[in-house]
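*Asks:* Input sequences plus hints: build the corresponding full structure.
Residue numbers (my numbering), protein chains in the order written: chain A, 1 to 351; chain B, 1 to 351; chain C, 1 to 351; chain D, 1 to 351.
For the record, the hints were derived by calculation from the structure and aren't laboratory data.
Worth double-checking, as some hints may not be accurate.
It does not matter which identical chain is used: a pair holds within one copy or between any two.
[As the list claims (entries may be wrong)] Below, a list of computed lysine to aspartate or glutamate pairs in the EDC-like style, where the Cα atoms sit at most 20 Å apart:
#, residue 1, residue 2
1, Lys347, Asp97
2, Lys73, Asp50
3, Lys260, Glu217
4, Lys47, Asp189
5, Lys351, Glu163
6, Lys260, Glu41
7, Lys260, Asp289
8, Lys131, Asp93
9, Lys273, Glu203
10, Lys47, Asp289
11, Lys76, Glu128
12, Lys47, Asp296
13, Lys131, Glu163
Each chain, letter by letter, is given below.
Protein chains: 4
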Amino acid sequence: MKRLRICILGATGIVGQHFIRILHDHPFFEIVAVTASPCSEGLEFGKATDWMISGSIPPDVSNMVVQETQLGKILKVDPDIIFSALPSGVALDIESDLARAGLPVFSNAAAHRMEETVPILIPEVNPEHLKLVNYQDYGDGFIITNSNCSTSGLVMVLRPLIEYGIRNITVTTFQAVSGAGRTGVASMDILNNVIPFISREEEKIANETCKILGHLENGRVVSAPFDMNASCARVPVLDGHLESVVIEFEAPVNAETATKTMSGYTGEPQALKLPTAPPRPLITMYEQDRPQPKRDLTLSEPELGMAVRVGRIRAHQNRLNMFLLVHNTIRGAAGASVLNAEFARAKGVLK
Amino acid sequence: MKRLRICILGATGIVGQHFIRILHDHPFFEIVAVTASPCSEGLEFGKATDWMISGSIPPDVSNMVVQETQLGKILKVDPDIIFSALPSGVALDIESDLARAGLPVFSNAAAHRMEETVPILIPEVNPEHLKLVNYQDYGDGFIITNSNCSTSGLVMVLRPLIEYGIRNITVTTFQAVSGAGRTGVASMDILNNVIPFISREEEKIANETCKILGHLENGRVVSAPFDMNASCARVPVLDGHLESVVIEFEAPVNAETATKTMSGYTGEPQALKLPTAPPRPLITMYEQDRPQPKRDLTLSEPELGMAVRVGRIRAHQNRLNMFLLVHNTIRGAAGASVLNAEFARAKGVLK
Amino acid sequence: MKRLRICILGATGIVGQHFIRILHDHPFFEIVAVTASPCSEGLEFGKATDWMISGSIPPDVSNMVVQETQLGKILKVDPDIIFSALPSGVALDIESDLARAGLPVFSNAAAHRMEETVPILIPEVNPEHLKLVNYQDYGDGFIITNSNCSTSGLVMVLRPLIEYGIRNITVTTFQAVSGAGRTGVASMDILNNVIPFISREEEKIANETCKILGHLENGRVVSAPFDMNASCARVPVLDGHLESVVIEFEAPVNAETATKTMSGYTGEPQALKLPTAPPRPLITMYEQDRPQPKRDLTLSEPELGMAVRVGRIRAHQNRLNMFLLVHNTIRGAAGASVLNAEFARAKGVLK
Amino acid sequence: MKRLRICILGATGIVGQHFIRILHDHPFFEIVAVTASPCSEGLEFGKATDWMISGSIPPDVSNMVVQETQLGKILKVDPDIIFSALPSGVALDIESDLARAGLPVFSNAAAHRMEETVPILIPEVNPEHLKLVNYQDYGDGFIITNSNCSTSGLVMVLRPLIEYGIRNITVTTFQAVSGAGRTGVASMDILNNVIPFISREEEKIANETCKILGHLENGRVVSAPFDMNASCARVPVLDGHLESVVIEFEAPVNAETATKTMSGYTGEPQALKLPTAPPRPLITMYEQDRPQPKRDLTLSEPELGMAVRVGRIRAHQNRLNMFLLVHNTIRGAAGASVLNAEFARAKGVLK
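*Replies:* The structure is reproduced here in structure tokens:
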């Protein structure tokens, strides 16, 4: 089977760089174009980007000439699929236009996430939401989004625990600065500090979690009625969102049982052995002081930033307390969209 | 009225330094001795300590010869009161011995906090607990403790909200490294990291909060039956514990009303105009991204680290969400004990 | 003598905030207007700025309506003096225009520093350069600049050592992020990192040092012929530039003698007891590991950020090695310009 | 050829962990024992250590039972070679005893470095110093040390430049906290700070550089007569020592020529294709703001932390300025000793 030709939108930012890192040597995909804002147009990618992530720029991508993120120019390179790392404001129109032009769009942008027929897909969590693409108005094209970075870790932990009967969820986040993009957090603001606010993040966690864990009815999602309570803070950490999660159940839950339920959980991406799927999506840790962003996000593990780590699992009455750690720009962004594309291909949605 | 002669135990650490900063020019107290571990004995204080806090060592204290923390040696300097910044292990016996020798002991150590007749006193919160000293077995002496640093901020916020009927409390902390003492957190562990564990801290928050908010019955405290849920983490911040607090009430609470209740709250220390009492113990903030450790703990304010700041107050159904900030080594340690002594003196317990 | 009416240009940034902090209660000056970019025009200052420095915004300034940084609008408020915290690009024309309109301009901007008749004045170092204003073409107005932040610390240390015969100077800087302004350094770039480059900083140190230490000849400065060697790096520190300085002399210099020469040095600002002049401009430290940015820049000292601290003074053959510390936004920026204005007033240049 | 049996002394610290990471799968060596202080004796290595470095503990080493660092116990495991990551105080006697017992000792400790017949070997720099082992009094055994971490980067840069005639060298270091070991730098000391002092580091740089670059005469080293000037500081960075280096030559040196000389430099380890030798020992960088510790020490490169990066190479009169970056616990510690052992084996010194 020949590799599908892909175009990465917004390729010069951190999420774009992770798209390139994951996709440049991918068995199903082949990078044929990268886009950025007009000021980078015409530059070689290696000159247009400030490569911030581990490893070097793949030489073939480094020499690629950056295109402007503009419909006609993108169509001219004749891609089979689009991956989008665009900022939300920019993403809204161009993603729709590309879908309307018949292209499958896998997007990390928030712009279309809450639309009725657009799935926020996490194949381990809500694989059935993939069917929503049949209800979109884009002809052959469609849009599939991944969730917000903090949400991705949370729903993966919630998924196997739903069977115990969840009543409400309280989450407090410790979010890394990379989540705000290349220049999103000024050092004057975060050195020796914590900022207890991230614009629109708490709403995203609440809304996206309920949508992802919702069920399909007549070609639309009925959000799960979870009572969500999110408080988000930025901490002086480069990569990795840590989250303190309290789940209240209908009845008492045993910590050991819950731990086993989580650590044993696998989903369709594991069954299908998708290239970007981690062998175990949830890694439970037994050390008393883990997971930690600096120590538990190493890319030298086979999970490559796609597993969510959970630790300090404690039961108290009807509640379960835990800390989880998710790689915000991989499982919470670029890796999530790549997994979605692999899954869509495996299910025949992507041809 | 002549100033009472005080001896500060464990004076060379960070809490000890704050004791000195606050007390060296105090209207009621006069530092006559400072103690430390045997290895500092005989040194001038200025040589024995590594002064870490703002301002300089007061010259008279700098020249004071450090005593060993040993009963006979302390009694020889004939103090009227003891302030203790000792580590818990060391504090247990020596504090009892000093109380038994007829001395009032105001302690920041955890050693005696959970004893039945020892108050964890916060004069704005549980002034009536001062009476417990009458039930102690120490003759003329007694022990009064202040709470754990994280607890101090939490109970001050809870106190005025109790009237609304609290059902349970969930708190996630972002704690500064100074809370672990001078060398408590290695830089290898915390640079670019968050550690989701602080030994025994979650238990302390739960137990101390319930004790402080409990009522007296027959000369002992009956702990309040709050359902407490604490998750503690260390962040790369020098000073100031930030806490994400979720309070569930019996019925819905209006955010604006709750804010007014908190910001208007004052207690006996304010009525008595005690020197170390902040004009307003709770300062509510309206900015969308405050309080922040780096920006809101400045000692240039009249509160001098003794007020607790609260922000991002949000109501959702029966719950109130907020972030609070407490200066962990002042309101959460040295300043708390000084306020306790001022209060005890004002109430005639200290003569 | 009535207080002179001042207008602060670029008042919303960090240097602007320090101007306000130092000047709002100044015996000689009275803030009558503050300017910023057009987007802040018409806002109250308290709403237009994000106050980052210690202390609160003085209430009278907080309520002041921000003006646009535009000639006509500034003249309308009829100031007696201008203080400028503008970025260099903006400063060039407006500072000239204001001087041409007859106003004395005290500027922290680099725009005019290297002009022949514009002094880079540091009253402890080159008080005689004040005379240059007589050679400017601005009629009654004039422009006096202060130096670049790193340069200010260096020349203050060099000044008393010149008599020993300096051959060349090597300096490596450890510069704080506040030197790049409110959002100048992204946290992604500096957390857990050092950046060995600051645009145009090495040239500024070389050129400004030679100009400041130069002598006047026919109404212009003849730069000192020092062989300068600067290497500049940014470190994850909020405030305070540390500099490793190696001075090579014509002959061996004794470390103790040099230390005494520095610590005993005072200049005209000290003799004139100017309000912003530190009692001792150079504070030599004897501890083996000082000065340190976090510990030695406290504003609780009488020097209030205007003294330069020097430590680890070591002689080796013809060379003297040392580390110096300068508060980059006070002695290296706002405080420097205020001292220049006080000095100009004392010398009758400012009426 | 069968793999030599190795014992790693002081294996639980950071340098010890790097020894294990590099050696556990090495073509020439096989880990048969690991030692630590008595308090770890008898524990499985995985329980005795707090693994801080990237990757996981190799399972076979994880299960190894830790020995006490004691002569008899070490000899009982019958090793062929010793690698030592001991602290200097402990290293002095045990390393001598092991050499006397006929074992080759490759040590990262400073204890024996300055002894007349002990080489501080860097095979790219002073391969001929290997011969010194013939002059040691240890019978079949010998001691070979690697240099101090800061020195290792410096001498590698100096080596190819010696031909231009070096007159003196000035270096200012920005050293990572890992250089002080697992708990060597307290977070209270280094967060938001720079410490301009590292105990005995400046002397080590001066003495070791001169010894390494010295020549052999009658079985001892005659140190090179370089005039060295070192100033050392600790910065809040986890890994990687950055150094600002100024080299004064006898005559002007062209920056481009010097860059080529450095980037083209290779030594015996490259010619011998030793497993741990980086393809290019010196990597010159052309970007205006590199090298940076966070960005340029990635272990995903083929150099694996063994190359030294050099950037910002600027010539000025007789001087060359540059910044270099060395991985302090790999090229500056464990990797250096492993390369020494590989080199000794290739030269027939290790059988």
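*Asks:* Of the numbered hints stated earlier in the document, which are not met by this structure?
*Replies:* Of the numbered hints given earlier, those the structure breaks are 1, 2, 3, 5, 6, 8, 9, 11 and 13, listed in rising order.
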